[in-house]
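Chains as they are written, first to last, in numbering that gives the first Met the number 0: chain U, 0 to 92; chain A, 0 to 420.
Among these hints, one or two may not hold up.
Unchecked claim - Just a sample of chain U residues kept apart from chain A, beta carbon distances all over 12 Å, derived:
#	residue
1	Lys1
2	Val10
3	Ala22
4	Glu24
5	Asp29
6	Ala36
7	Ala41
8	Glu50
9	Pro61
10	Leu64
11	Arg78
12	Ala82
Stated by the list, open to error - Think about it this way: if two alpha-carbon atoms lie no more than 30 Å apart in a straight line, the pair counts; the simulated DSS-like pairs of lysine-lysine are:
#	chain 1	residue 1	chain 2	residue 2
13	U	Lys54	A	Lys64
14	A	Lys316	A	Lys385
15	A	Lys64	U	Lys1
16	U	Lys1	U	Lys54
Calculated from the structure, these hints are not laboratory results.
Glycine is no exception: its CB is placed at the ideal position from the N, C-alpha and C atoms.
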Amino acid sequence: MKPQDMPTFDVLREVMATDHGLAPESLTPDTLLSELAIDSLALIELIFTLEDRFKVVAGNVPADLPTLGSVADYIDGLRAAGAAAADTDVPAS
Amino acid sequence: MPRRVAVTGIGIVSPLGHGEHAFFEALQAGRSGIRRLDAPFAGRLASPIAASVEFDGSAHFPPPKLRMLDRFSQLALVAAEQAVASADLQLDTAARARAGVFIGTVLGGGHTTDDGYQALYAQGAARLPPFTVLMAMPNAAAAWIGIDHGLAGPNLTWSTACSSSAVAIGEAWRRIRDGEADVILAGGSEAPLNFGTLKAWEALRTMASEDPADPAASCKPFARDRSGLVLGEGAAVLVLEDWERARERGAHIRGELLGYGLSTDNAHITRPTVDGQARAMRLALESAALPATAIDHVNAHGTGTQANDATETAAIKQVFGARAFDIPISATKAMHGHLLGAGAAVELVATLLALERGVLPPTINLVQRDPDCDLDYVAEGARAVKGAEIAMSNSFAFGGTNAVLICGSAGRGPSRKRSIS
Chain U
0 MKPQDMPTFD VLREVMATDH GLAPESLTPD TLLSELAIDS LALIELIFTL
50 EDRFKVVAGN VPADLPTLGS VADYIDGLRA AGAAAADTDV PAS
Chain A
0 MPRRVAVTGI GIVSPLGHGE HAFFEALQAG RSGIRRLDAP FAGRLASPIA
50 ASVEFDGSAH FPPPKLRMLD RFSQLALVAA EQAVASADLQ LDTAARARAG
100 VFIGTVLGGG HTTDDGYQAL YAQGAARLPP FTVLMAMPNA AAAWIGIDHG
150 LAGPNLTWST ACSSSAVAIG EAWRRIRDGE ADVILAGGSE APLNFGTLKA
200 WEALRTMASE DPADPAASCK PFARDRSGLV LGEGAAVLVL EDWERARERG
250 AHIRGELLGY GLSTDNAHIT RPTVDGQARA MRLALESAAL PATAIDHVNA
300 HGTGTQANDA TETAAIKQVF GARAFDIPIS ATKAMHGHLL GAGAAVELVA
350 TLLALERGVL PPTINLVQRD PDCDLDYVAE GARAVKGAEI AMSNSFAFGG
400 TNAVLICGSA GRGPSRKRSI S
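All chains should be built: construct the whole structure from the sequences, respecting the hints.
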């Protein structure tokens, strides 16, 4: 399955496991980034990686992303916006 | 009253090995770290030789941190870690506030810059990795050393081309001597073996051509058939410490930094001058309150370029007069390569260890004598010496910043040669 077809949180969990050596089963939407030592720079890197995986473009990273779930929601928003833009891009004929 | 400055820790990651022992064993054996470059772009270089370091960052740093470190910062951090461990440095909060980091570098995070250009211009990438700025910035290595070791005093990065780390060490010496800091981790780091940097150096026509019989012998300082320098990578960091502080805590004092001379050629952006180099040597002697007769050994800048080696020979003669012919001079770049901003720090380590062990490294590959370079370059192989206590290390640079350091062995005799007056 391509990342674009996978639930955001599953991909996020996989990225956290690969890039930060964390056990995937220990990660839930309620897990605080601060518990994982994910500071503002590490969050920027995480969003960068997720942009690549989901082919979305993020702007400046919002300040209010305290949990893994909030990061996944933020990416979901970008994915939905991207899908809507793709729909309107379909040529008329 | 000026304070004495002790060297209490030594760290080095070099083309001749990791750690001071491997480094000096190779120097003593006359073994070259120069080799054919194993890189995908090597075929596009006119002279695909370099002194590379066998180094895997993943053996030293966890992945999240490694992703934030350019190779030059990785090398610097490992050298600093060695230096701090060998100094057995324990600092409380008050001591940390008076402990700093002074690092010399020419390129800073050059690999990051090169990778970024490759992605952006060659591959048409829309964006760069998020840590590009933090990895490429020239002060990254010094900053990370300060963070990792909790050093809250002055944190400075010096960039004066090939004399950068001599300036870093010399300026650190001044800060400790004058009481502005008690401990400084001082040295240099460079990682220039990427395609863009090597092509830029190639364009200057100062790189050695590959020796067809033996690539490892391509750098030939002071020889008639010398054809240029060979770039290398690596880092060296010293723990410099107020002598009394070091003595009171029972530190193993490895040597003393005695003097530092700084001059500028102010003549030409690349061509060195005899007067400028000689002035830096004299100023170093003056700052150490030593007569020229005190110097037992010189580690030369000795790059292997036509211009440097003849000029440096003439400058040494100008400073030391007839005695110049009796001072053993080692040009260790023939073995570890030219490490640019790390070069002076690496060579000061070689000089300190030479005094400590009583063995002067050879100048290898010096077979064909040049009438313009007619001093004693220790060409026959490593030389055991007795009573060598004070040495000079020369570093000269594009841009004209000449920096000379003078160091002494820790256990040298009572002021036999210490004072001019």
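Okay, the hints, checked on the actual structure:
1. Lys1: holds, 20 Å
2. Val10: holds, 18 Å
3. Ala22: Given a closest Cβ separation of 15 Å, the condition holds.
4. Glu24: Holds, since 20 Å exceeds 12 Å.
5. Asp29: Answer for Asp29/U: holds, closest chain A Cβ roughly 22 Å.
6. Ala36: violated, 8 Å
7. Ala41: With a cut-off of 12 Å, Ala41/U comes too close to chain A, as the shortest Cβ separation is near 6 Å.
8. Glu50: violated, 8 Å
9. Pro61: Holds, since 15 Å exceeds 12 Å.
10. Leu64: Per Cβ check, Leu64/U is outside 12 Å of chain A; nearest 15 Å; holds.
11. Arg78: holds, 18 Å
12. Ala82: Since the minimum Cβ distance to chain A is about 20 Å, Ala82/U lies beyond 12 Å and the statement holds.
13. Lys54/U to Lys64/A: Since the Cα atoms of Lys54/U and Lys64/A sit roughly 25 Å apart, the hinted pair holds (cutoff 30 Å).
14. Lys316/A to Lys385/A: Holds, at about 24 Å.
15. Lys64/A to Lys1/U: holds, 28 Å
16. Lys1/U to Lys54/U: Given that 30 Å is the threshold and the Cα spacing comes to 11 Å, the pair holds.
Checked against the numbered hints given earlier, this structure breaks hints 6, 7 and 8; the rest are met.
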